[in-house]
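Keeping their order, the protein sequence lines are chains S and P.
The opening position of the first sequence corresponds to residue 5 in the numbering used here, with each subsequent residue numbered one higher.
The opening position of the second sequence corresponds to residue 8 in the numbering used here, with each subsequent residue numbered one higher.
Honestly, the hints are just simulated from the structure, not real lab data.
Some clues are possibly wrong.
Said to hold, decoys possible - Quick list of in silico lysine to any residue cross-link-like pairs, SDA-like style, CA-CA up to 25 Å:
| no. | chain 1 | residue 1 | chain 2 | residue 2 |
| --- | --- | --- | --- | --- |
| 1 | P | Lys117 | S | Lys242 |
| 2 | P | Lys117 | S | Ile121 |
| 3 | P | Lys296 | S | Ala321 |
| 4 | P | Lys117 | S | Gly120 |
| 5 | P | Lys187 | P | Ala134 |
| 6 | P | Lys117 | S | Ser316 |
| 7 | S | Lys242 | S | Arg270 |
| 8 | P | Lys117 | S | Asp64 |
| 9 | S | Lys140 | P | Lys187 |
| 10 | P | Lys117 | S | Thr319 |
| 11 | S | Lys140 | P | Glu228 |
| 12 | S | Lys140 | P | Pro29 |
| 13 | P | Lys201 | S | Asp142 |
| 14 | P | Lys117 | S | Met63 |
| 15 | P | Lys201 | S | Ser316 |
| 16 | P | Lys201 | S | Ala321 |
| 17 | S | Lys140 | P | Lys117 |
| 18 | S | Lys140 | P | Pro57 |
| 19 | P | Lys117 | S | Ala327 |
| 20 | P | Lys117 | S | Arg270 |
| 21 | S | Lys140 | P | Phe55 |
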Amino acid sequence: MSETIGRERMLALYRQMLQIRRCEEALVRLYAAGKFAGACHTYIGEEAVATGVCAHLRMDDAVFSTHRGHGHALAKGVPPAELIAELLGKATGCSGGRGGSMHLFKPEIGFMGSSGIVGPSITLAAGGAYSAKLMKTDRVSVAFFGDGAVNNGSFHEGINLATAWRLPAIFVCENNLYATEVPFLQATRNTSVASRAAAYGLPGVELDGNDVLAVYAAAGEAVARARAGGGPALIECKTYRTRAHSEGMRDAGYRTADEIAQWRARDPIKAYRDALLAGAHASSADLDAIDAAVKAQIEEAVAFAESSPLPSPATVADHVYSAGACLDVQPAGGGQHA
Amino acid sequence: MREMTYVEAAREGLAEEMERDPLVWVVGEGAGPRGGNFNTTVGLYDRFGPERLVDAPISERGFTALCTGAAATGTRPIVDFMFIDFITDGFGDLFNQTSKLQWMSGGRLKMPIVLRGCMGVYGSNGAHHSGNYYPFFMHVPGFHVVVPTTPADAKGLLKTAIRCDDPVLFLEHKGLLNIKGPVPDGEHLVPFGKAAIARAGKDVTILAVALMVRRALEAAEALAGEGISAEVIDPRTLAPLDMDTVLASLHKTGRLLVVDEDFAPCGVASEIATQVMERAFDDLDAPVKRLNGLFAPAPYSAALFAPMVPDTAAIVRAVRDLLAE
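So that you can see chain S by itself, here it is in the shape it has in the complex (with noise of 0.2 Å):
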């Protein structure tokens, strides 16, 4: 793998790893500091999953993400300072604070949104990937979702389309062992999501989501199928998320301390950092060079978000509607919008 890879791009893997988890634990440390409400889903324990399936996109595919996305976002080009502003409610974040932690977007990097419901990335990627087709490029749209969702109608509907019109979509499955608190091992009798590709007749497959290679490697497998014409993958990553569902919720009762000591020790990004030393690809005053990098970006994104401006109250009702020719009056219901 090193050897296809070059070590340029596997100190990039490194580096965007890093910054997710950094920009992460800043999150963390600014929920706890009461800076703001709402939901906060980590990334943390999932870094490898995003880092190397971003890794081969242009800016002009298309990533749909999830309620669990601030990873997806900063891995396809989503500045931190712009996440962590979002979070915070500010003017400046990626959705103009309209948004918060599950609603971010930045389509003119090809990031197409982050849903709070759970399923329809599944579905929307496939259309992104209608739209490559019909417009004969070469783009790739990508859905992320985790094993919460391929129980849902949006999965067998969404892959079976993308499959049935073969169209250049990815999908990416982040099972981490639990939808919420609902283990997989209750919610379905076949717990393989990678044997489901069968059912539709894609190409699936499993792989330690830790791994960033293994990730990388599969991902890119599937990104140059779907833009040479060869039609959509099921890819499974097994991971898990090391912080509980959502910041400052109750994180017992459906896991056990142990289980989250075993998947810490298996770290992706400190798995990652042994093995390019292990391999010689970098010495550790590289890494630490990283490491510093990436702490000063995230201390600058914070201050930048700490200090923007919040979005102004009246730009709240603004893009219901675009501003299109179609109408004659304004298209106001009714009501005090009359």
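Dock chain P against the given chain S, drawing on the hints supplied.
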């Protein structure tokens, strides 16, 4: 001007827009070579090919959300549901994704998607093929709701819907599909939010929705024989709703009847009556009256079917009652 049926006129509009913009595409069960259950796409498959006239599996939630994703990424899908009842499997994604993505993205995503289908309590289609559903969409920020009643409007409003960057629910009443009427030659677009005065009058205003416009016109003709001059308004779009035209008419007549075959609670008449009270209470010589379909699912048997929706005689009676207030 040519005489065309409603379906022919809408199909001509669709073909013109597909010719004009290669990013317009249609998906639906039977929308391909067959040309649609209601002949909405007859002949278009041969002209535009399988990537733009896409036969779909019975997977309404899937292809509704897929088209939402496609609209967000640069193409202009038209979902042809055949019977509009089949849209209901897609409600979750329509209300949480399709209607909200423009707002959620701060206007950076567009949502040029048309959701079309045939509606209405008409014929023995039974409980799962007779619904209307437009009040749901009127209630939600982000949708336009279009209910053409003439061939010319079917064409002109469909063309506007296809060019619109917002989600449009385009509803064709089954009782209107085969009516004939004049359609202008050349480019014909009808803007949203502009009601039509289907018949001018001075004693009473009747606002009717979809097929009820035709019944209201018949009623107005009958009432004219009694010396009653009824003005009939066809709103053409329910969202946006052209209240200015309604209020101008009411200012003249002082009395308003809303005829809607759909259910009364939280419906079109509820909204209009409230806006009339808010904006034109002093113009009212009598309370706003509404005439709706019965509050029950649509039956199969003709014996059960007859009383379901207002007929011409019921509209005539309602107008007499309103004038007696």
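Status of each hint after checking the structure:
1. P:Lys117 / S:Lys242: 35 Å, violated
2. P:Lys117 / S:Ile121: Within the cut-off at roughly 20 Å; holds.
3. P:Lys296 / S:Ala321: 33 Å, violated
4. P:Lys117 / S:Gly120: Holds: lysine 117 (chain P) and glycine 120 (chain S) sit about 19 Å apart, inside 25 Å.
5. P:Lys187 / P:Ala134: 28 Å, violated
6. P:Lys117 / S:Ser316: 22 Å, holds
7. S:Lys242 / S:Arg270: 12 Å, holds
8. P:Lys117 / S:Asp64: With Cα atoms ~16 Å apart, lysine 117 (chain P) and aspartate 64 (chain S) stay inside 25 Å; holds.
9. S:Lys140 / P:Lys187: 40 Å, violated
10. P:Lys117 / S:Thr319: With Cα atoms ~18 Å apart, lysine 117 (chain P) and threonine 319 (chain S) stay inside 25 Å; holds.
11. S:Lys140 / P:Glu228: Given that 25 Å is the threshold and the Cα spacing comes to 55 Å, the pair is violated.
12. S:Lys140 / P:Pro29: 11 Å, holds
13. P:Lys201 / S:Asp142: Measuring from Cα to Cα gives roughly 42 Å; hence the hint is violated.
14. P:Lys117 / S:Met63: 18 Å, holds
15. P:Lys201 / S:Ser316: 32 Å, violated
16. P:Lys201 / S:Ala321: At roughly 23 Å apart (the allowed maximum being 25 Å), alanine 321 (chain S) and lysine 201 (chain P) satisfy the hint.
17. S:Lys140 / P:Lys117: Holds. Lysine 140 (chain S) to lysine 117 (chain P) sits at ~20 Å (cutoff 25 Å).
18. S:Lys140 / P:Pro57: 14 Å, holds
19. P:Lys117 / S:Ala327: 10 Å, holds
20. P:Lys117 / S:Arg270: 42 Å, violated
21. S:Lys140 / P:Phe55: The hint holds at about 15 Å.
Checked against the numbered hints above, the structure breaks hints 1, 3, 5, 9, 11, 13, 15 and 20 and satisfies the rest.
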